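A.B. asks: Here the structure of chain A is known, so what remains is to put chain B in place on it, guided by the hints.
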Amino acid sequence: MIREELEGMYHILLKDLKAYYFKPPNISWGILFPLVLALSFTIRNPEGLADLAPGLVAMAALFGTTSMEAIVITFEKRIGALERLLLAPVSLSTILLGKVLGGAVFGIIISSVMTLIALLFLDMTIIHPLLFTASLLLTVLAHSALGALVAVSVKEVFEAQTLSNYFRFPMVFLCGVFLPVEAMPLPIQLVARFLPLTYTIEAFRQTLSISPSLTLLLRDLIVLSLFLISFQILATRMLKKSME
Amino acid sequence: MPVKNVIEASSLTKYYGELCAVDHVNFTVKRGEVFGFLGPNGAGKTTTIRILVGLTAPTEGTAYINDLDIRKDIVQIKQHIGVVPDTSNLYDELTAWENLEFMAGLYHVPRENREKRAQELLKSFDLWDRRGTRFGKLSSGLKRRMTIAAALIHNPNILFFDEPTSGLDVMSARSLRSLLRELTETGVTTFLTTHYIEEADQLCERIAIIVKGRIVTIDTPQNLKLKFQKVPTIEVSFTTPIKSSSLEELKAIDQVKVSENRMRGQTKNVNETIKELTAFAEEHDLEILHVNTITPNLEDAFVRLTGLESETMLVEKERRGGRG
Numbered sequence: 001m002i003r004e005e006l007e008g009m010y011h012i013l014l015k016d017l018k019a020y021y022f023k024p025p026n027i028s029w030g031i032l033f034p035l036v037l038a039l040s041f042t043i044r045n046p047e048g049l050a051d052l053a054p055g056l057v058a059m060a061a062l063f064g065t066t067s068m069e070a071i072v073i074t075f076e077k078r079i080g081a082l083e084r085l086l087l088a089p090v091s092l093s094t095i096l097l098g099k100v101l102g103g104a105v106f107g108i109i110i111s112s113v114m115t116l117i118a119l120l121f122l123d124m125t126i127i128h129p130l131l132f133t134a135s136l137l138l139t140v141l142a143h144s145a146l147g148a149l150v151a152v153s154v155k156e157v158f159e160a161q162t163l164s165n166y167f168r169f170p171m172v173f174l175c176g177v178f179l180p181v182e183a184m185p186l187p188i189q190l191v192a193r194f195l196p197l198t199y200t201i202e203a204f205r206q207t208l209s210i211s212p213s214l215t216l217l218l219r220d221l222i223v224l225s226l227f228l229i230s231f232q233i234l235a236t237r238m239l240k241k242s243m244e
Numbered sequence: 001m002p003v004k005n006v007i008e009a010s011s012l013t014k015y016y017g018e019l020c021a022v023d024h025v026n027f028t029v030k031r032g033e034v035f036g037f038l039g040p041n042g043a044g045k046t047t048t049i050r051i052l053v054g055l056t057a058p059t060e061g062t063a064y065i066n067d068l069d070i071r072k073d074i075v076q077i078k079q080h081i082g083v084v085p086d087t088s089n090l091y092d093e094l095t096a097w098e099n100l101e102f103m104a105g106l107y108h109v110p111r112e113n114r115e116k117r118a119q120e121l122l123k124s125f126d127l128w129d130r131r132g133t134r135f136g137k138l139s140s141g142l143k144r145r146m147t148i149a150a151a152l153i154h155n156p157n158i159l160f161f162d163e164p165t166s167g168l169d170v171m172s173a174r175s176l177r178s179l180l181r182e183l184t185e186t187g188v189t190t191f192l193t194t195h196y197i198e199e200a201d202q203l204c205e206r207i208a209i210i211v212k213g214r215i216v217t218i219d220t221p222q223n224l225k226l227k228f229q230k231v232p233t234i235e236v237s238f239t240t241p242i243k244s245s246s247l248e249e250l251k252a253i254d255q256v257k258v259s260e261n262r263m264r265g266q267t268k269n270v271n272e273t274i275k276e277l278t279a280f281a282e283e284h285d286l287e288i289l290h291v292n293t294i295t296p297n298l299e300d301a302f303v304r305l306t307g308l309e310s311e312t313m314l315v316e317k318e319r320r321g322g323r324g
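Residue numbers (this note's numbering), protein chains in the order written: chain A, 1 to 244; chain B, 1 to 324.
Same shape as in the complex, but just chain A:
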């Protein structure tokens, strides 16, 4: 039973990568997006880029996962191809997990390009690569699940884009990409605590530090896992409700 569910998830992931993510325009966007992001910040202010680097990697992960994930699911819903998956002998949560994995793989590619740029040109140094990788994996999974949640809540592709931007852009400003959350006014700090990107940036910063707080890092990873589980459960419930 579990083997069949895992097999189904794997085939959905492979199909999504082949049919949507690994298309030349998406790959070139995936490389260009972090490049442009890094270049624009370097031109704006070449000072303190190392401090900004974790935020840029987090942004790349956020945009890389949510932008495609929301479109892929909404597009399949629109053309009826999602029904093809719903007819298969796998559970709804497996179907959505397969989809989330597709978005996560694409997010890893984009954020890996950004990480490479940050390492080579922005003076970023990863002190704890394994912890950094764990943080990145949980980040792309949680944000991809958020993309899936957006996609199952709307009908049209343009609605998915609009709704994604509704939370993506505020997140960039509220979650510590440019300024640490602690430096912001208290009400904003409170809002930031409810947004997954905050924990991504904090986790990344810990993994770049020579003496990280493992307690804080563990808290960030647990919170990201909870976001992933919550988004996944909500997306599955919404999909099920849409079938009633």
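Calculated directly from the structure, the hints in this document are not laboratory data. As the structure is a prediction and not an experimental result, all values here were calculated from the model. Note that CB positions come from ideal geometry on N, CA and C, so glycine has one too. Take the hints with a grain of salt, since some may be wrong.
[As the list claims (entries may be wrong)] Have a look at the derived ranges for each label pair, beta carbon to beta carbon:
id, chain 1, residue 1, chain 2, residue 2, range
1, A, I127, B, P110, 18 to 26 Å
2, B, E260, A, R237, 41 to 49 Å
3, A, P24, B, L305, 55 to 63 Å
4, A, M243, B, L305, 31 to 39 Å
5, B, E18, A, S230, 29 to 37 Å
6, B, E260, A, M243, 26 to 34 Å
7, B, S124, A, M243, 27 to 35 Å
[Claimed, not checked] If you want the ones that stay clear, here's a sample from chain A, every Cβ over 12 Å from chain B, calculated:
id, residue
8, I27
9, L32
10, N45
11, V90
12, L116
13, V181
14, A183
15, R193
16, S225
[Said to hold, decoys possible] Derived coverage of chain B by chain A (criterion: at least 3 residues anywhere in the stretch with Cβ under 8 Å from a Cβ of chain A; other residues may be distant):
id, segment
17, 93-103
18, 209-223
C.D. replies: Relative to the frame of chain A, chain B by itself:
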């Protein structure tokens, strides 16, 4: 030994808000049978099929497929059924081969059999030469064939077809019907919905006629036709147009319908009707061009059972774009 029922619908009901799309529907389908759901647009055909294949949940009642309850065991049920939806919804970006490969993996076809099965299906559906073509680039007829091939990838013992020939040109529809006939000869149980009466007549062993979410009758096409054979239809053409009001005086003919210079109605006594018609023509200075008696076909049976015109069913269907 009685043939086992593989589908049993028990008081199946579906509400969309206030609207009752399927109203306490009961029917059974025997193993190896070709069972048709025939009805006009909005009758509840597609909703019934969507409930049976797990795409939507029933509001009340349930159905058993291979003795498994659709409310509890839908994932297991899906392993035994193949579904051909009313739209060809495989993946445009993948080739015919990649689509089948994906479906084989999704339906847990053992790895060692996947290639062989895909090859077998592409060859038997005359798609082998197009195996490297993207699904999105195939013609609608070939897309339909591919969709059927994909539904068969895991050797299901029950096949659901929702409007199999809808939207196809005459040649593709004909070739698809012969393909369906070949498939049904292999012993697979087939449940199909259609708004084409002729298609139901040609393909189905039993037909359920559904109108406004309720099953009006379930019988074989032969029995449905026989029920009305005692009441033949008579069709008369005159040289000039006639007024329907003037035909009210005819006593031997019922349910008269007039179109320009032609009238059609039902009679219990053909001789009596012809005598009456001749007198009527002389009285109104009309000349009879043709007189035909028609043995009722399934279309007549459908019209009499539902009170609907078969043509309006098609027009509505095309206007609303396929969902029934």
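A.B. asks: If a hint holds in the structure, say so; if it does not, say that too.
C.D. replies: Structure-based check of each hint:
Taken as a hint, the range 18 to 26 Å is violated for the pair I127(A) and P110(B), whose Cβ atoms sit roughly 47 Å apart. As the Cβ distance of E260(B) to R237(A) is approximately 59 Å, the hint placing it in 41 to 49 Å is violated. Range check, P24(A) to L305(B): Cβ separation about 57 Å, and the 55 to 63 Å hint holds. With their beta carbons about 33 Å apart, M243(A) and L305(B) fall inside the hinted range of 31 to 39 Å.
Here the CB-CB span from E18(B) to S230(A) is close to 34 Å, well matched to the stated 29 to 37 Å. Checked against the given bound of 26 to 34 Å, the beta carbons of E260(B) and M243(A), roughly 49 Å apart, lie outside it. Distance hint for S124(B) and M243(A): a CB-CB separation of about 33 Å, consistent with the stated range 27 to 35 Å. The claim that I27(A) is not at the interface with chain B holds, since no C-beta of that chain comes within 12 Å of its own (minimum 14 Å).
With a least beta-carbon separation of about 22 Å from chain B, L32(A) lies farther than 12 Å from that chain, consistent with its non-interface assignment. Distance check on N45(A): its Cβ is at least 42 Å (rounded) from any Cβ of chain B, clearing the 12 Å threshold; non-interface status holds. The claim that V90(A) lies off the interface is violated: its Cβ sits roughly 7 Å from the closest Cβ of chain B, which falls inside the 12 Å cut-off. Remark: the non-interface label on L116(A) is consistent with the geometry, its nearest Cβ contact in chain B lying 28 Å away (cut-off 12 Å).
For V181(A), the requirement that its beta carbon stay farther than 12 Å from each beta carbon of chain B is met, with the minimum near 41 Å. For A183(A), the condition that its CB be more than 12 Å from all CB atoms of chain B holds, with the nearest at approximately 46 Å. Its beta-carbon lying about 37 Å from the closest one in chain B, R193(A) satisfies the requirement of being farther than 12 Å from that chain. The claim that S225(A) is not at the interface with chain B holds, since no C-beta of that chain comes within 12 Å of its own (minimum 26 Å).
By the rule of at least three residues with a Cβ nearer than 8 Å to a Cβ of chain A, the coverage given for the segment 93-103 of chain B holds, with 4 such residues. As drawn, the segment 209-223 of chain B meets chain A at 0 residues by the rule of a beta-carbon pair under 8 Å; below three, the given contact is violated.
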